[in-house]
Amino acid sequence: MQQCSIYDKSLKFSRATYGVLVLLSFFIHNKWLVLVVAILAIFGAFSLKLNIPYQLHALVSHSVFKKKKEPIQKELGELNFVSAATGVLLLIGFLLLHFTELTNFAWIYILIVDLMIFLACLVGFCVATLMYILLKKIFTRKNQTHN
Amino acid sequence: MSIRRIKVLMIEDDQDQIQLYGTKFRLEGYDFIFGNDGNDGLKLAKEQNPDIVLLDIMLYEEDGIEVLKKIKQDQKTKNIPVIIFSNLDKKEIVDKAFTLGAVDYIIKSKIVPSEIVEKVAEITKNKI
Amino acid sequence: MSNEKQNEKKEIGKDCYINRNCWLVNNLNSLPYKRCQYCELKFRKCLFLQYQVISIVLLSFSFILFYIIDRSISVSAIIIIFTLVIVYGYFFNNSTEKIIKSNFFEKKAKKSLKELSDNLEERVKEQTKDIQKKANRMMRLLKMRSEFLDIASHQLRTPTSVIKGTLAMLKEGDLENMSLAERAKFIDGMYKKSIKLEEIINNILMASEMDTDGDKAMALNDRIDLTELADKIIAQHSLDAQNKKLHLVWQKPDEPMILQGSLRYIEEAINNLLDNAIKYTNKGSVTTTLVKNKRKALLTIQDTGIGIPKEDQNKVFKKFIRAKNARNAYTDGSGLGLFIVKEIIYKHPGAKIRMESKENKGTKFNLEFILLDNIK
Chain A
1 MQQCSIYDKS
11 LKFSRATYGV
21 LVLLSFFIHN
31 KWLVLVVAIL
41 AIFGAFSLKL
51 NIPYQLHALV
61 SHSVFKKKKE
71 PIQKELGELN
81 FVSAATGVLL
91 LIGFLLLHFT
101 ELTNFAWIYI
111 LIVDLMIFLA
121 CLVGFCVATL
131 MYILLKKIFT
141 RKNQTHN
Chain B
148 MSIRRIKVLM
158 IEDDQDQIQL
168 YGTKFRLEGY
178 DFIFGNDGND
188 GLKLAKEQNP
198 DIVLLDIMLY
208 EEDGIEVLKK
218 IKQDQKTKNI
228 PVIIFSNLDK
238 KEIVDKAFTL
248 GAVDYIIKSK
258 IVPSEIVEKV
268 AEITKNKI
Chain C
276 MSNEKQNEKK
286 EIGKDCYINR
296 NCWLVNNLNS
306 LPYKRCQYCE
316 LKFRKCLFLQ
326 YQVISIVLLS
336 FSFILFYIID
346 RSISVSAIII
356 IFTLVIVYGY
366 FFNNSTEKII
376 KSNFFEKKAK
386 KSLKELSDNL
396 EERVKEQTKD
406 IQKKANRMMR
416 LLKMRSEFLD
426 IASHQLRTPT
436 SVIKGTLAML
446 KEGDLENMSL
456 AERAKFIDGM
466 YKKSIKLEEI
476 INNILMASEM
486 DTDGDKAMAL
496 NDRIDLTELA
506 DKIIAQHSLD
516 AQNKKLHLVW
526 QKPDEPMILQ
536 GSLRYIEEAI
546 NNLLDNAIKY
556 TNKGSVTTTL
566 VKNKRKALLT
576 IQDTGIGIPK
586 EDQNKVFKKF
596 IRAKNARNAY
606 TDGSGLGLFI
616 VKEIIYKHPG
626 AKIRMESKEN
636 KGTKFNLEFI
646 LLDNIK
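Residue numbers (this note's numbering), protein chains in the order written: chain A, 1 to 147; chain B, 148 to 275; chain C, 276 to 651.
Isolated chain A (complex conformation) (with noise of 0.2 Å):
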């Protein structure tokens, strides 16, 4: 599987942002803040680069506090599909607050989603990871019984 390096505090960083960001609409009740995390979310999914926060936080504590980091490895597959499911779980609650009646549903639904963000990013504790590896599992699985 591709590795590749990335810096941690930058990573939290951005989840750290995503999660903020998504509290935030709750708290003012607005789904177009929601539809843009969510965008975000989407964006980093294809690559380390779109990452906006990421690159962002990575920048400014190099070239400004000039903190030497050391970056750890990670597989690309888990980062994306990570980032790719944040995204997608929120744009699920935006549709369902912008096309149905669900509205009380649909902001407890994203606040869970917003806690589970919060809980990936400071305890390090992730749900959309270990989906990843049962994916990677079945998929891997199904490829043998092929061949």
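Please keep in mind that the hints were generated in silico from the structure rather than gathered at the bench.
There could be a bad hint or two in this list.
[Said to hold, decoys possible] The calculated DSS-like cross-link candidates involving lysine-lysine, where the alpha carbons are at most 25 Å apart (straight line), are: (1) A:Lys12 with C:Lys376; (2) C:Lys558 with B:Lys237; (3) C:Lys317 with A:Lys137; (4) B:Lys237 with C:Lys382; (5) B:Lys257 with C:Lys558; (6) C:Lys558 with C:Lys636.
Predicted model only: the values in this text are computed from it and were never measured.
Based on these hints, arrange chains B and C on the given structure of chain A.
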């Protein structure tokens, strides 16, 4: 009754020593015969029946102790007193010689010829 | 999983370590936490998993409870629970990190202590072996020394006992009772023995100088002119040869032959060989030749003497060994002469000695030396 002369057999490979002790014993009235190695010596011991044997340890190709053993084993010679007369001064050899039945162990360089003659006289005095 | 990556040496505790026992890390191929670097446990023993499972279970359980009890899920309840989970999780994470890290370091310390003690054991064994070897060597040397002293002391006593005996007889007046011929023989015997005594003392001293178990190198600082040296030694022996009515043949070479070595010892070696040649030859000649062959000098001493029997030829270079016919000729040789010559030759780099002999025909000794380049 005629007094016969005491016969001394010396088993020694150094000619100069034979000359020295031989002359002394003859001057003192002894019969002196010698063998240059173990086999010679044993032969003489059996044939000539000496009254005493002076045996050296350092014989060429032969260990004087072996010769002593053979003397003490042979019926004809086992009763002849044997004095080990050598320059080798090693405790193990001395002990071995006495165990095998040597009467005395004398270091050549420690005594003079007259003293060895006295020793021989002492040991053979009851033979006459 | 790709096996190529598994071939790289990844040690626990390093950055690139992947815990193969842990299902999560294995599939992820990266470390979810920093402490996974130090962890060797299986996934089901992992605190991470336990925490995750419990959290998910509790969360879902509490949401269901809320729904059942309150018929709706209150936002504050969700926020509170999540906050609790997050906060506890954070502290839990830290303490787990500390635990795993300290476990790892303890293990590491134990391992290095064990290595140290194993290493120590091995070192001690090595040292003991070394000491044992040295002790054995010392014992061998002492044994050699004591044997040497035994024989040497015996050899010294032999001539002294004759000298002492003869003088004792002189004191006691026995010489008066001997015939003139006998008396002359006696005194001559004593005289010869006293010369022998000096020779034996000399030989024993020289042999014990050689006898250093091969470790000490000889001082080879002299520039020796072999031509002049051989000439001198031959001249010294001409009287002895004349007395025995032997021809002493020697052709002095025209050029000097310079070699590097010890003058005293080379002189001794050539002396010993020439002594032997004259001593053990009763009629005929002793021929000495010295030739130069490229960068080597060859000194040959050939006699027409009693020769060395085939069975003794290997042994004569050993300490205290004399051939049977030599013994018959002279019973009181030290047996050290050829041993000394051999040792001297061996301690000169590049020098060689060869011997050919036939019983009753004669003996030939060849000495080979490497010459110094003549740089004036």
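Each hint tested on the structure:
Proposed proximity of Lys12 (chain A) and Lys376 (chain C) is supported: the alpha carbons are some 23 Å apart, at most 25 Å. As the CA atoms of Lys558 (chain C) and Lys237 (chain B) are separated by approximately 41 Å, the hinted pair breaks the 25 Å bound. Among the hinted pairs, Lys317 (chain C) with Lys137 (chain A) is consistent with the structure: their alpha-carbon atoms are about 18 Å apart, no more than 25 Å. Distance check on the hinted pair: Lys237 (chain B) and Lys382 (chain C) sit about 65 Å apart at the alpha-carbon level, beyond 25 Å; violated.
Simply put, Lys257 (chain B) and Lys558 (chain C) have alpha-carbon atoms about 39 Å apart, too far for the 25 Å limit, and the pair is violated. Taking the CA atoms of Lys558 (chain C) and Lys636 (chain C), the gap is about 11 Å. The hint holds against a cut of 25 Å.
Violated hints, listed in ascending order, are 2, 4 and 5; each of the other numbered hints is respected by the structure.
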